[in-house]
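Asker: Protein chains in written order, with our numbering: chain A, 1 to 300; chain B, 1 to 281.
Derived from the structure by calculation, the hints contain no laboratory data.
Keep in mind that this is a model prediction, so the values were computed, not measured.
Do not rely on the hints blindly, as some may be mistaken.
To be verified - Below, a list of computed lysine to aspartate or glutamate pairs in the DMTMM-like style, where the Cα atoms sit at most 20 Å apart:
| # | chain 1 | residue 1 | chain 2 | residue 2 |
| --- | --- | --- | --- | --- |
| 1 | B | 16 | A | 96 |
| 2 | B | 7 | A | 96 |
| 3 | B | 16 | A | 87 |
| 4 | B | 93 | B | 278 |
| 5 | A | 59 | B | 278 |
| 6 | B | 280 | A | 81 |
| 7 | B | 7 | A | 87 |
| 8 | A | 10 | B | 278 |
| 9 | A | 59 | A | 18 |
| 10 | B | 16 | A | 123 |
| 11 | B | 280 | A | 123 |
| 12 | B | 280 | A | 158 |
| 13 | A | 126 | B | 97 |
| 14 | B | 93 | A | 211 |
| 15 | B | 93 | A | 87 |
| 16 | B | 17 | A | 87 |
| 17 | B | 280 | A | 18 |
| 18 | B | 280 | B | 96 |
| 19 | A | 294 | A | 211 |
| 20 | A | 126 | A | 87 |
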Amino acid sequence: MIELRNVVKKFAGRTAVDDLSFTVTRGEIFGLLGHNGAGKSTAIGMMLGQVWPTSGEVKVCGHDVSADRRAALKPVGAIFETPVFYDYLSGFRNLEILSTYTAPTSRARIHEVIDWVGLTGREQSKVRTYSHGMRSRLALAQALLPRPELLILDEPSDGLDPEGIHEMRQTILRLQHELGLTIFFSSHLLNEVEQLCTRIAVLQQGKKVFEGNVADVKAASDMVALKTSDFPGATRLLREHGLITATEQEKFITLAEGRSTAEIIQTLVAAGIAVDGIWRHEQTVEDFYLNLIKPPAAKN
Amino acid sequence: MFFAQLKNELWKLFGKKRTYIGFGAFVLVQTVMLLLFKYTHWQTQFERLLAGNGYLASEYISALTVAVVMLLPQVALLTPLYVTLVGGDLVAKEAEDGTLRMILSRPISRLRLLQVKWLAGIIFAAVLTLALGAIALGFARLYFPWRGLFIFIPTPAGTTFGVFPPHDGLVRYVFSHMFMAVNAVAMMSVAFMFSCFNMKPAAATILALSYLFVNSVMQMIPFFEPYQNWFITHHFDGWHLIFRSPTPWGQLFQSEIILLAISATAFVIGAAAFQVRDIKS
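Whole structure, please, built from the sequences with the hints as guidance.
Answerer: Set out below in structure tokens:
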């Protein structure tokens with residue numbers, strides 16, 4: 001559905017996106033992570049034909065965005081951080097206006113979408129009277145109007161309260177399950193990314209530093225949690241036996257290459273140290289992300 | 001789809017209170033002018049001027065004459081201010097507010113978007129000019145009788161002086177507003193052009209007004225007299241040239257064509273700039 005190949009974008013000599021390549025396949029929820037200014041919004045801008053790439057190729061739904069933007073964006077809906085509308089017009093009129101930039105849309109379809117996002121009864125009110133959550137729902141409604149196959153969301157939960165974030169997360173899952181949409185989104189909320197995405201890419205200063213499955217990220221940890229009454233004594237013994245290479249927070253150990261948790265238990269029990277629990281630590285996307293973007297000096 | 005998009009642009013434009021500031025200010029100034037003419041020595045001066053040229057003042061102090069008097073501040077100040085305000089807003093305000101990004105996430109070409117916006121601006125400029133001409137005449141008729149038209153406008157390029165019977169005067173008054181509408185479209189187009197660049201709406205308006213002001217000042221400098229045709233403001237004179245006898249139709253049509261060409265050129269430059277720029281939040 002989305003294909004970026006060696007994309008570079010420079011603004012007045014500053015490289016915002018540097019040799020970025022990735023592919024988003026139909027049906028997946030793909031998350032783009034990165035700090036502020038990492039190039040996420042620029043990458044999304046290039047997918048939507050709002051920002052022209054300096055070099056490289058951006059394809060959406062099989063069409064080159066630079067050469068055939070209209071065909072590329074026909075089956076696409078998009079939402080941006082802090083949704084903005086014509087505040088002095090009603091929600092319904094806003095949807096009517098935005099729909100004409102895609103294709104003729106019936107009033108019945110507009111009502112159907114309003115109903116789907118839960119704005120029925122407020123559609124004739126002026127947008128300036130809407131809460132942030134209602135604006136987010138209106139933004140979703142405008143994105144769904146053209147019956148998209150691909151939804152591009154730029155920080156969709158930005159500015160929402162915890163309830164709103166939860167609602168947005170449920171909506172995204174509903175969109176995938178009920179409408180079978182492919183969803184591409186950027187977010188700062190790593191917990192949200194972990195719960196929603198099947199795959200992620202991480203940008204740092206415009207460069208892609210990681211791309212992979214969320215499941216693999218979670219399983220990639222080489223840390224093991226060890227629960228024992230004498231953690232310092234246990235780790236000293238394990239080091240002497242060459243079974244571990246590092247410890248952390250008086251709770252985690254890092255196994256030496258080729259060693260297993262069974263050997264740890266065996267060694268500790270033989271030395272008379274009781275083992276209350278031992279399990280492989282599943283890292284969060286947040287742990288992974290923070291470790292990934294840590295400066296090299298901090299990693300050592 | 002083109003007409004649906006145009007209709008929506010007009011909804012956006014006429015749905016904003018800001019759009020009506022111009023209408024409100026015009027009506028207010030027109031009313032002030034009307035009352036000043038009615039209740040000060042202004043009317044007496046007009047009567048003397050007419051009598052001095054051998055005309056009966058009672059035949060020409062009329063709704064049509066006063067309506068033309070009411071137009072003067074509109075032509076000199078208010079039209080440039082309000083049409084450039086709206087023209088400068090058309091693209092830049094949407095970019096500033098963020099709604100442009102929302103629109104451009106849809107499969108509409110940038111050129112088409114600008115076409116409907118420019119056309120909406122043209123409709124606004126024309127409606128503003130023609131509606132205010134009608135309002136001025138309507139207000140003037142409330143206080144003055146329906147008689148002949150007298151006009152006296154001294155300009156650096158020559159004085160427009162004319163007296164016309166009511167029907168002839170009305171026809172010229174209507175033509176005058178059509179030429180004023182073309183002036184307004186040209187001013188709006190210049191502001192629209194700046195609005196297509198990456199700048200704030202106020203900057204687009206100020207640049208357009210500066211362009212008009214510089215043209216106006218240079219046009220008045222004797223050194224530039226041989227180059228009058230190069231100044232856009234020189235071509236804005238059609239609205240009062242129509243009241244001259246004989247009417248300089250050749251000069252009038254030349255000016256109108258030049259203004260339309262300037263408007264089209266401004267659109268093309270704006271569209272070219274808009275096509276290559278990046279739209280970012």
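Asker: Each hint needs a verdict: does it hold in this structure or not?
Answerer: Against the structure, the hints come out as follows:
| no. | hint | in the structure |
| --- | --- | --- |
| 1 | B/16 to A/96 | holds, 17 Å |
| 2 | B/7 to A/96 | holds, 11 Å |
| 3 | B/16 to A/87 | holds, 9 Å |
| 4 | B/93 to B/278 | holds, 16 Å |
| 5 | A/59 to B/278 | holds, 18 Å |
| 6 | B/280 to A/81 | holds, 12 Å |
| 7 | B/7 to A/87 | holds, 18 Å |
| 8 | A/10 to B/278 | holds, 11 Å |
| 9 | A/59 to A/18 | holds, 17 Å |
| 10 | B/16 to A/123 | holds, 19 Å |
| 11 | B/280 to A/123 | violated, 29 Å |
| 12 | B/280 to A/158 | holds, 17 Å |
| 13 | A/126 to B/97 | holds, 17 Å |
| 14 | B/93 to A/211 | violated, 38 Å |
| 15 | B/93 to A/87 | holds, 13 Å |
| 16 | B/17 to A/87 | holds, 12 Å |
| 17 | B/280 to A/18 | holds, 18 Å |
| 18 | B/280 to B/96 | holds, 10 Å |
| 19 | A/294 to A/211 | holds, 17 Å |
| 20 | A/126 to A/87 | holds, 6 Å |
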